[in-house]
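K.L.:
Once you've looked at the hints, dock chains R and F against the given chain P.
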Amino acid sequence: MARISRQEVEHVAALARLVLEESEAERAVGELEALLDYAALLESVDTEGVPPTSHVLALATPMRDDTASESLEPESALANAPEREGSAFVVPRVIDDEDAG
Amino acid sequence: MSAPPPLVGLSELRAELDAGRTSSAQLVDRALERAEALQPRLRSFIGLRGESARAEAEQADARRLRGDPRSALDGIPVAIKDNMVQRGEPTTCGSRILEGFVSPYSSTLVEKLEAAGAVIIGRTNMDEFAMGSSTEHSTLGASSNPWDVSRTAGGSSGGSAVAVAAGIVPAAFGSDTGGSIRQPASFCGVVGMKPTYGRVSRWGLVAFASSLDQIGVFARDARDAALLLELISGHDPRDSTSAPEPAPDLRASLDGDVSGLVLGVPREYFVSDGVDPEVLARVHAAIAELEAAGAKLREVSLPHTYTAVATYYLLATAEASSNLARYDGVRYGRRAEGAQSLGDMYVRSRTEGFGAEVKRRILLGTYVLSAGYYDAYYRKAQQVRTLLRRDFDEAFAGCDVIVTPTSPEVAFSLGSRTEDPLRMYLSDVYTVSCNLAGLPGVSLPCGFSDGMPVGLQLLGPPLEEGRLLRVADAFQRRTGFHSERPPELA
Amino acid sequence: MSEGHPRYDVVIGLEVHAQLCTESKLFSPAPVAYGEPANHCVHPICLGLPGVLPVLNARAVEFAILAGLATHCTVQLHSVFARKNYFYPDLPKGYQISQYEEPICTEGWIDVVVEPGAAPRRIRLTRIHMEEDAGKLIHEAGAAGSDGTRVDLNRAGVPLLEIVSEPDLRSPSEAAAYLRTLRGILRYIGVSDADLEKGHFRCDANVSLKPRGTAELGTRTELKNLNSFRFVEEAISAEIARQAELHDEGTPVQQATMAYDPHTSRTRVLRLKENADDYRYFPDPDLVPLAISAEQIETARASLPELADAKCARFQSQYALTAQDAEQLTESRPLADYFEAAVAAYGLAKPVANWLLRDVLQALGELELGIEAARLAPESLAALIRLVDAGSTNAKSARGLVKELVANGGDPAALVHERGLEALSDSGELEAAVEAVLGEHPDDAEKFRAGEKKVLNFLMGQVMRRTAGKADPKAVRELLARKLGA
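Protein chains in written order, with our numbering: chain P, 1 to 101; chain R, 1 to 490; chain F, 1 to 486.
To be clear, the hints were calculated from the coordinates, so they are not data collected in a lab. One should not assume that every hint holds.
[As the list claims (entries may be wrong)] Below, a sample of chain F positions facing chain R; criterion: calculated Cβ distance under 7 Å:
| no. | residue |
| --- | --- |
| 1 | P44 |
| 2 | P50 |
| 3 | G51 |
| 4 | V55 |
| 5 | R83 |
| 6 | F87 |
| 7 | P89 |
| 8 | K93 |
| 9 | G94 |
| 10 | Y95 |
| 11 | R280 |
| 12 | F282 |
| 13 | P285 |
| 14 | D286 |
| 15 | L287 |
Cβ atoms here follow ideal geometry from the backbone N, Cα and C, with glycine treated the same way.
Here chain P stands alone, though its shape is the one from the complex:
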């Protein structure tokens, strides 16, 4: 049974901002299909009423006091920037609301 289609793989790739070449896309469909087929063994596990585990720790949320530290030196903050102008990072021009969340 096909668990995932070429179209779905491409949709997922787009969500993850990846592009797949023609040959890669076919291959990815096959690989994901195999992995999802394998993962389907979980379907047989009875999880009725079982709470999900997101964290193995039984901790209360740690919190910190609202005290501001010094800012990182702007030169350190910008040191790895692929492109910058003044103390701002620069990206290719963002068109009105492109890709916005």
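P.N.:
Chains R and F only, in chain P's frame:
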């Protein structure tokens, strides 16, 4: 270049330093030279800190001569995996996407090592973003196993395992998300310990799967592992998942006495299916050795073991798909040249920057979290995770330590698995449950098969690292596997 | 007042993003500041550097609890931070830490007075959750003239409350009144400055129409980034008009994100929501669930100040103020506190209300200051009014000093003396001035005695002119009357 002689265990080096027979500068020189000399054969380091390490060694020597060493590790050369950031140093995670990145801050691990006076000589090889079991998914190329350079060192912390196994450094640090310390330790014949989730701060550890990642140690024996783990453990307010526990006194538990301790032998881990019978034989022999030392054996059951690999890959890839979204070419790391638009820049930077395995896992993880599949895959896996934890709770009600093989096989040949990701994933069957349940686990050498080291895995209840190391140490007092050295490097 | 629509029922729900006034960010110790140069208020956490981890700001949680209590929400003992995954250059980690399935506050309400004196409308709140703000993109060409977009992460990680209303609002003016009330509450409890100009209080509106009296909801559109109360009203009015036209034509309304253009007073489609956004929310594995104790909630409840509506009612009954005065005085907590302090010092409410609402607020307006910045202490305002009462100076002179006192402070009596503004009521100088005026205008004095009483006003004006306005009008009138034998 001929390699200088290997560096032995921590306690021996400490004794030589304290007796004035050597200096930190000499040890660090030796480590650096050996690393460089072996690099063409082993590829264990992604980057070395020659000059800074030598300068730090001289400062350590000055402290020692003043009679003011910072710790037992002062002046000792060590190595860290290339996913632990150090201020002013590159971190690449074995990925093109982090080419050229220099961290403006240090991880808690590095801060603790610096405070202890340890000299970090370099960053070790790893599978890209710690995703893999062989270091074959590294931009550097795969590390080779010192016992047979045609075979894998294991992964993802393969470079750290090799650095210790090959005697380049007496101690190295790695991270373990699904076995990434224990499996390469097993393949390379060294001790590799993954502590309880939350024991060691993750601040500054580049995330793969946040709820599973844990920093741990590689060492020649349980005693050294105990010392290292004491040094790097402890609560860190910068990590919300850090256990509110002080660093444990682990060396105190190394009394060699395992009499009366109940070793649980999970029947699901000792099925012959898919397991190298020689590996099983070595592990059985090791268990018999511990029984001879006074431990009691009890069969236990971990009935959901068959679900562990699937659960692990669904959860780990889901978290990874989100954790790796920050590599977008905006603030640091690789940005594709000549992008015409923002969308183009994102897609090309990420597509060019990530390797095939990382992309495969991002796709799977994105799919698992996407609308319409979340409940079927992600939520379901979280529920099964609960069942896996309960298995261990019930098992530990009847035993003190669980003993298993670390890997169903010894180190495989390089290149033999890269075409079949599922088969590669399935070889993690013995190690992933420990991460899903957040337990401490250690792998220690327990013999050889086909000339390659076999690892024995010990799993314990949360925060019981001391108990595991006590068993490991007792075993090593009675056996000599941990002292065996790769022949051509001896 | 912008009303709904004659033929359609208007259904409006609002989502407000209010910035919490903390010192540091929600998950990072970086300072929260406004107007700093780009990337000067950042920490490795704000940059989403490899290896960083979030740690929750305790004060932001306290503020969220207070906001929940002040809006009659249930504060949840257990809530969860989730990652909302999407790519945008202002979002450094590629996800926003927010709350999704399990927010900190649920199911509340606030009472909104749409027209003064009318019964309030109860607007239900769906939820309040905590989340981190994104950075800022600067599209205008920079000094160096590059045509790229600049990214400033100073704001990235600043704590926000997202406050979501039920679709209970029926007109643009109700929406604006709801926002004013909500802003007032957040300011009252001191959790947000809610300064619209600084983007502390941002609003998105969901708008749909349905034919009057029918039950079925129409397709809704979302108006983004309405950054002033006026724009909220205008934008919703424009969107109602647009949708009504579509309904009239029988053209279906498409689900879309809209923007409002104040120049054309029209809304336009930013993007259609054909492909539902897939944010892949999941619990943030770097943060354990947020646990709040019942004691913590009770402590917060006890610390909750009297809110505007309760204070307004009390001012009317306790101080016998008109509804209008009371509403104005309780608009902000510092003003209400100032009023009560001044009343305590003076003894009577009405004169204080008059002076405060008329003279002090006018002076503050001219000086572009808030009441917190007034250097005229409430006790000094009381003292100034008493100087007038005692006839030590006249009301006009006193009013003339308010702006100066508000700007510079100082002792009102000393200032009256320094300016020579003492009333002449008791001095011989006043009597001399009256005599002189009567001497200069014997005809008018005669007219008065003959019964032309309004001549008195002319004579008073002459005396006031002669005394350069320093005389107490009451005293002048009395003295004139006596001299004229009235």
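K.L.:
Which of the listed hints are not met by the structure?
P.N.:
none
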